[in-house]
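Use these hints to put chains B, C and D onto chain A, whose structure you have.
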Amino acid sequence: MSINNNSEFKPKIVAFCCNWCSYAGADLAGSSRLTYPADVKIIRVPCSCRVNPMFILRAFEKGADGVILCGCHPGDCHYTSGNFYARRRMTLLFSMLDYIGVENGRTRVEWVSAAEGVKFSATMNSFVEKIYSLGKNVRLEDLRCKN
Amino acid sequence: MQRIGVFVCHCGSNIAATVDVKKVVEMAMCEPGVVHAEDYPYMCSEAGQAKIQAAIKEKNLGGVVVCSCSPRMHENTFRKAAEKAGLNPYMVEIANIREHCSWIHKNMEEATEKAVILMKAAVAKVNLNTPLQAGESRVTKRALVIGGGIAGIQTALDIAEAGYPVDIVEKTPSIGGRMSQLDKTFPTLDCSACILTPKMVEANAHPNINIYTYSEVEKVSGFVGDFTVDIRKKARSVDMSKCTGCGVCQEKCPNKKTPNEFNRGLNNRSAIYTPFAQAIPNVPVIDREHCTKFLTGKCGICAKVCQAGAVDYEQQDEIITEKYGAIVVATGFNMINLDKYDEYAYSQSKDVITSLELERIMNAAGPTKGHLERLSDGKAPKEMVFIQCVGSRCADKRGKSYCSKICCMYTAKHAMLIRDKYPDVNVTVFYIDVRTPGKNFDEFYRRAVEEYGVNYIKGQVGKVIPQPDGKLLVQGSDLLSNKQILKEADMVVLAAAIEPEPGVRNIATMLTASIDTNDFLTEAHAKLRPVESPTAGIFLSGVCQGPKDIPETVSQAGAAAVKAIGLLAKDKLTTNPCTAKADELMCNGCSQCANVCPYGAISYETKLINDHGVREDRRVAVVNSALCQGCGACTVTCPSGAMDLQGFSNRQILAEVDAICR
Amino acid sequence: MKSEKKQAEKIKEISGVNPLKCMKCGKCSATCPSFAEMDIKPHQFVSYVQNEEIEELTKSVSLWKCLSCFACVERCPRDVKPGKIIDAVRQLVEREKDGDYLSPNEIPELLDPEIPQQLLVSAFRRYRR
Amino acid sequence: MQELITRAKELLADGTVARVLGWKAGDLEYNPQPAFFTNEKELEEFVYNGFCGANLSKYMIEASKLEGKTLICLKPCDSYSFQQLMKEHRIDREKAYIIGVGCKGKLDIDRIKANGLKGVTGVTGAELTDDCEELCVTTLYGDKKIPYADGMLERCSVCKGKEHMICDEQIGESKDTKTGERFAKVAAVEEMSSAEKFAFFQKELSKCIRCNACRNVCPACSCRKCVFDSTKFDSAQKANVDSFEEKMFHIIRAFHVAGRCTDCGECSRVCPQGIPLHLFNRKFIKDINELYGEYQAGADIEAKAPLTSYVFEDVEPSVVAERSKS
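Chains as they are written, first to last, in this note's numbering: chain A, 1 to 147; chain B, 1 to 662; chain C, 1 to 129; chain D, 1 to 326.
Extracted from the complex, chain A is given alone in its bound form (with noise of 0.2 angstroms):
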C-alpha cells in the first residue's frame, strides 16, 4: 500500500504562454538548448490576455501543482495593450488566491520576450524550483479528495 508514498514528487506545473513572445521565447530557449524541468508544460495563447482566471483555477482544481502565465513585456505587447490588462486581472487574483490560503509561490505572471531565452529557461528553473519548495498542492488537493 505504502509503496507510492515514497515514490518521488512530480510536480504538474502549466504554463501559458502568449504566441508572440514568451512562446518564441521558450521556442529560443529550445533551440540553444537551456534546460528546464519536464514538469513544466506550456499551452500556447494568443496573448497573456486570453487567459481566463477560469483556466489558472480549473488547472488547480485537476491538480495542477503551479501555474505561471508569461507575457511579453509591458509595452511591448503584439496587441497593444493586452498584457496591461492580464496584469490587472492576474494581480487581483493572485492577491484573492493568497487570501483564500493558497501559497502565493504557486502562480506567477512573468515578462519574457522573444529574445529572452535565457530568461524563459531561468524563470522555469526558478519556478519549479518554488514549487518542489512548496511541494504537493495538497490545500487544494484535500479539498478534491474530501467527496
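The hints are simulated quantities; they were obtained by calculation from the structure and are not laboratory data.
Here are the simulated DSSO-like cross-link-like pairs (lysine-lysine), alpha carbons at most 27 angstroms apart as the crow flies:
1. K256(B) x K350(B)
2. K106(B) x K136(A)
3. K400(B) x K21(C)
4. K106(B) x K130(A)
Positioned in the frame of chain A, the structure of chains B, C and D alone reads:
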C-alpha cells in the same frame, strides 16, 4: 468526436534521439478519437506531407495532430498540406515536441513522457476545433519609412522605384543621418558626402517619395496592410514653399551660441539654421529653445532680412494622418554617453574625443575646417592614441555587451588618413582584437600597419591622465611583450560603442515591434527573416536591428524594401480567422468587451433575438472580423462567457489544461 | 596535478571569479600600479587559474606586491576581478602555512611591523562587514 | 411610508408610471419582499420599513422591457447599483421614475436575535418616521428594547452615506449609519497566516449549499446566462461535483463582479448559511483601491472601470508575494 490522425516527426535525430517516437505513436492510439497514428523521419518533407494527406483521405480524418517542431516553424506547412487533402486547415494542431521537449530534456524517459502529454493536449484541443475560414483585408499601397539616414533613403528609393509611394519621416531638419557626418568611408576612402548627396537629391526629387523632415511619428494604429499613422510636423517657423534657401537669415542671426549638433557640439551655430550645407530640404529651422525672438520676444531680424517673407513665428505644429500598408524602421544609432568612463578623461580634457568627433574635425566643413588640431589650444598633434572597445564588449552595466562592429575598420581608416595627410604624426592603436570580416577589410587594416606604419598594440588602456602641460598620459599594457606602457599623447580618440537611437524604444512600442535587451529591434528569425519584425508589416533597415557598416546597411535597406514591396504588391491579404465571436443569446450588451478592445472591433447593435422562443430586442456585441486581431482580451472581460475566441476557445484551452493535469 | 585542479577550484570559490569570462584585453595590467614589480602580471593570473597552474602562482612574488587597490576589479570590462584572484591565492598560501586563524578583534594586539602590509589590507577588506 | 404610498398613487393615476416597484409584507413581519404594484388596490400591501433591505435595482432589468415607466424605490446604497446597471446598458433610465427613499439603516433579524432574544414575534421602532435609535422587540417571553444599531445589517455599519447617486425625487430622511471600518475584517483575514486563511475560508465555504441565492440577488450578477449554467466552460452544474468547485464558484463570481460590485451587501444578507460572502467582494475592492486608486462602482457613470483600464506603471502581480511577506 473528430476522427483524429496523429503524426509524430523524428526530425532526423533532433526529436528521435531524446523522445521515443514509437511510444508516442502507441500512446496516441489509446486516445479517444484517434483513428490513425504514425511516425516518420521528416514530417515536413514532401513524403511526410504526402503521408498526412493520404491518411486524411483514406481514414476520412476530421482532425490532424502533428507532433513536431514549434508551430512557429511549420504550422503553415502542415495546414497547407491538410488543405490540399480537403481538410480545413484550421483542423490541424501542432504538439511542439522539439523546442519544448526533445531539445531541452536529456532523459529519454522524461522527455517521452512529456511528449506524450503534449500530444494528448493537442489531441484534446483538436477534438474541439471547428473549421474556420480566413477572411481578406485590403492593402494600402503606400509605405512609411521612419528615419532618413542612408538606410531610410535607400529603402525609400527602392520602394519608390518599384512604383509605390513612400513617405520618409525624419526627426532632424534634414535627411542624411549619421553618414552625412562622416568624412571618408572605408574600405575605399570615398568622401562620404560625395556618395551620399546624390542619393539624398534623388530621394528628394523622386515623384514617389515624400519627405517629412523635422517630423516625428506620434501615433500608430491598425495592422499589416492598413496602418494609420499620425505624424507630427514640428513648426519649422519657416515657410517651406516660400524659402529660397539663400542663407541670409543664418548669417544675420545675432544669436550664434547654440552648440552645433551636426558637429557634435564642437562649435556653435545660429538659432535659425540648416544643419549642413548639402541639407535636404535646404530650408532652415528656428530652434525655438535658443532663439532670442522666442525667448524674449525681441529680435525678429531673420524675418526682416528674409526677402521671400518665409519666416513665420506663428507657425504651429501640424499633425498629418496618413494610411500605410507597410512600415520600415530605419532609426539608426548614436554614440553612447561616455560620462561613466571617466578613466579615459573624456570629460576632463578637450583633447580626448570620440571617433565621430574626429570625423567632424577631419571634415573640411567641420569646426577646424578639416585641419587636424587639438581643440584645447589649436596646436597640431604629434602623438595620437586610439583606444578601441570603449563601452563595447562590456559585461558590466557601464557599457554594452555587444561588439559595435564598425570601430576596428573606422579606426584603421582614421589612422591611415592621418598618416597619409600628416606623415609626422605618430599613431598608436590600443586594441583587444582587430575584427575585420568583410570584403577587402583585412587588407585595408594590413595596409594601415604595413604601408602607413600605424603602431598597433594588443592591450586595453587602463587610464588616461591629463598632464599639467596639456599632454595626455596614456597608461596601457602590451600583452605581447608583457610590458606596461606609459605613453604621452597629444590627442586621444575613443572608439565609443554605438547604441540604437534612444527614440526607438518609443517607436517600437507604438508599432508593437519587439526590441531586445539592448534596444535593438528584434527580427522575426535571426537567420531566415533578418529584415522583418515579428509584427507583420513592420520591416527593419540598418543599425536599428544591430550594428552594421554602410555596405551592410545599404544591402539590408534593399532587402527591407523588397519585403515591403512584396507586401504592397498584393491587393488583398488573408486575415487570421482566429477572431472573437459573441454568442448573441448570451450577450448582456454590457459594453465591457468594447472597453478593452485595442482595435475598436466591437460595436453594439439592437437585434431581434429569439432566445428559445422568447423574441425580444436586445443590445448585443458584434465583432468586426476584419478589424479583430484575435488577442482575446474581450473573452476574459465577458462575465457570461458569451464572447469567445475562435481557434483558442475557452473549451479548447480547458481541454488542454485538463489533458496536461490529467 | 590533481591537487592543483582542486586548488584552482578553491581559488574560484574564494574569489567568486569565473576566469572563463576573461576576454584577455589586459586592462587590469594596464591599470595596475604595481605592474613593474610583479613577475606574474594581473592578466596572467587569470590565465594561470584557467590553466590550473597554481604551483607557480603560489610562489609568485606578485602575491606580496599586489596592493589590493582593486583598480583592476573596478575597471575590468568583463567583471572578472583579477584582484580577487590574487587575494584568493594569497589566502590559499596563508592557510596552508599551518595557520592559526585570527578573528578581526585579535588583530590589533598582534600587529607587528614584520607582517606584510598587503596581508593586513586584504584581511581588513575581507572582514570589514 | 404613507407619504410614499400617496405619491405612488398620484403617479399611477396621472399616468406618469405604469407600475410601482417596491416591497410588500412577506410571510413574516420582518421579512418583506420585493413586489410590483400596478393599481391603487395592490398598493395597500406596500410596505417600507427597517426590514426592507432588498435592493430593487436588479428588478429594473426586467422592468425596462415592459411598456411604460416603472416607479422604483431606491435607498441611497441601492442607487449605486442602479447607476452601475445603467453604465452597463442593462437598464433604461428613461423607463424608470426613481424615488429616492430615506434610509436610517436596515435591520437583520438574525442580528436582532443575536442579542440573546428568542421567540421573536414582532419588532417596532423600525418605521422610517421613527428616529431609529431604539428597537422594541416583542418576544414570547416579553418585550425587550435594544439599540437600533445592534440589529443592523453588517453593511449598514459601513454605510456609504446618505446621498442618493441618482433619483427623480426624494421622500423621507436618511442617516449615515457608518460606525465601523469597511475593510477591517478583510484586513484581519489578510493578517492571518496562509494556513489560517485557508482554514477560515474552508470552514466558511464548506457551509455553501450552492443554492445560488447570492448570485440571484446580486445586481452585478445579472448575466442572461451565468457561466456556471452554460456549456462554454464545461462548468455547468448545480451541485458541486467536488468541493473545489464551490471555491471556484465564489472566486469566479467575485472576479466577475470585481470593479462592478458596489458592495451593496445583498449576497451576505440573503445567504441562508450565513457565509460572509461580502469578504470576497470587499477584498477585490480593497485591492483595487490600494493598487489602482480609489474606485466606487456606481458612483460615477463616466469613470473607467479598474479592470477595463490600465496605466503603464501598474504594479506587477509579484506585489502579492511581496505584500504577504511584509
